[in-house]
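A.B. asks: If you're matching them up, the sequences are chains A and B in order.
Residue numbering for the first sequence follows my numbering, starting at 472 and increasing by one per position.
Residue numbering for the second sequence follows my numbering, starting at 6 and increasing by one per position.
Per the computed footprint, the stretches of chain B lying under chain A, defined by three or more beta-carbons under 8 Å from a beta-carbon of chain A, are:
| hint | region |
| --- | --- |
| 1 | 166-175 |
| 2 | 180-189 |
| 3 | 202-212 |
| 4 | 224-230 |
It is worth saying that the hints were derived from the structure and are not from the lab.
Heads up, the beta-carbon is just placed ideally off N, CA and C, and yes, glycines get one too.
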Amino acid sequence: MRERFMILFSGFAAVLLVRNLYVMLVKLPDEAAQGAIFRIIFFHVPAAWTAFLGFFAAFVCSILYLAKRNLRYDAVSMAATEVGLAFAAGNLISGMIWGRIIWGIWWTWDPRLTSMLICWLLYAGYLMLRRAVEEPSQRARISAVLSIFAFVDVPIVFFSIKWWRTQHPQPVVWGGGAMDSSYWNMLFLNWVPLILIAVVLILIRLRQEEAQREIDAVRRWAHAL
Amino acid sequence: MPGFLRDSLTIAAKDLRSELRTKEALNASVSFSLVILLLFSFAFDPSADQTREFSGGLLWLVFAFAGALILNRSFARELPNDCLDALIASPISGAALFAGKAAANFLLLLAVEAVSLPVFGVFYNIRWWDQFWQLAGVLALGTWAMTVIGTMFSALTVNLRLRELMLPTLVYPVMIPALMSAIQLTTHLVGGQPLGGDVLVWLRLLVAFDIIFTALALSLVETVLVG
Numbered sequence: 472m473r474e475r476f477m478i479l480f481s482g483f484a485a486v487l488l489v490r491n492l493y494v495m496l497v498k499l500p501d502e503a504a505q506g507a508i509f510r511i512i513f514f515h516v517p518a519a520w521t522a523f524l525g526f527f528a529a530f531v532c533s534i535l536y537l538a539k540r541n542l543r544y545d546a547v548s549m550a551a552t553e554v555g556l557a558f559a560a561g562n563l564i565s566g567m568i569w570g571r572i573i574w575g576i577w578w579t580w581d582p583r584l585t586s587m588l589i590c591w592l593l594y595a596g597y598l599m600l601r602r603a604v605e606e607p608s609q610r611a612r613i614s615a616v617l618s619i620f621a622f623v624d625v626p627i628v629f630f631s632i633k634w635w636r637t638q639h640p641q642p643v644v645w646g647g648g649a650m651d652s653s654y655w656n657m658l659f660l661n662w663v664p665l666i667l668i669a670v671v672l673i674l675i676r677l678r679q680e681e682a683q684r685e686i687d688a689v690r691r692w693a694h695a696l
Numbered sequence: 006m007p008g009f010l011r012d013s014l015t016i017a018a019k020d021l022r023s024e025l026r027t028k029e030a031l032n033a034s035v036s037f038s039l040v041i042l043l044l045f046s047f048a049f050d051p052s053a054d055q056t057r058e059f060s061g062g063l064l065w066l067v068f069a070f071a072g073a074l075i076l077n078r079s080f081a082r083e084l085p086n087d088c089l090d091a092l093i094a095s096p097i098s099g100a101a102l103f104a105g106k107a108a109a110n111f112l113l114l115l116a117v118e119a120v121s122l123p124v125f126g127v128f129y130n131i132r133w134w135d136q137f138w139q140l141a142g143v144l145a146l147g148t149w150a151m152t153v154i155g156t157m158f159s160a161l162t163v164n165l166r167l168r169e170l171m172l173p174t175l176v177y178p179v180m181i182p183a184l185m186s187a188i189q190l191t192t193h194l195v196g197g198q199p200l201g202g203d204v205l206v207w208l209r210l211l212v213a214f215d216i217i218f219t220a221l222a223l224s225l226v227e228t229v230l231v232g
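Taking the hints into account, I'd like the entire structure generated from these sequences.
C.D. replies: Right under this line is the structure:
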């Protein structure tokens, strides 16, 4: 059943991606000020949204784990964080490529860049912590608490960095840019395949986790023999 | 509630007493803060006029790095002789245990700051005492933020093999909003201006950070320690 879902989702995502790529590369005109590189936004922004969806899912599953103590929630939380982190990295890297072309620099301490980097570091810490704990239920408990702390921290980080930067000179003005509706449609339309890909990746990761648990059980059984 | 308060005070007094008898973490932390202050002088020209402009940043980096030495040990010091198990088994709630430890750490961090702030003023030629009481308030709020996060993460990682390696990477990113507020406010106050106007937004952020994470830590620490 789950296999079928995965094939269906990834097939749908592939078809939609091909269609979107065709439209954004061939049909949509270059943006007036930025030219061709503008198209990176169709992956850059939805990647950030997908990452936050992943982190939110991890937050919910962490609370559920602490409430119900079912290791399945812990596995989902871990998988969602890993996939979210990958999308956050995609967001950061695509943003840097765009910055290199438009601003002429790979990195600037712009509020969004800084906040996203902090967010990335927070969740990288979560995955690092998981590797350091061997006992499954202890690992689940500790990482659930860390996930809750991280998720509560993220909005505070975003607001504070925005205030911080508004008091300092910044290389770009942001927040006021208007975008044509065809671009907006593309942005949301390209979010759908990214979400589907994220879901498939999470399912694959969950299957690995289950296989790992089965292997551990067999190993314990073999030891007992 | 009086029971909670009494339990916390007992734990805080115990921690302070054992630290003041050995002074292990306190000595290390104070000397480390002096070493960082020395190192900063090589990173830029300390006599330059701009020092005042980033004095808040320098100070809070010193506090955060030196404070970590005290905070990291908060729960780890209970590991020898299974003291931590005894504490958990004692008729004290996890929240009271946490509150007591946090209170002790808070006082120890303030002691380190009380030493390194005047030294900072001397080394970098900064008049920091113009707004003394407001600065003291900001120091207390910022230090409490560091204490809550540091003590909580000390409890979180107490049983891990790689504890010392994990803690700094986990703690500092979470602290960033509080550190930023404290840096802004301190720079402002060290510049001789009283708090007011736009800067108040940072004070509100710092207070909110303290309240949110204190509540979160108190409600989750039982789960972390006991299971």
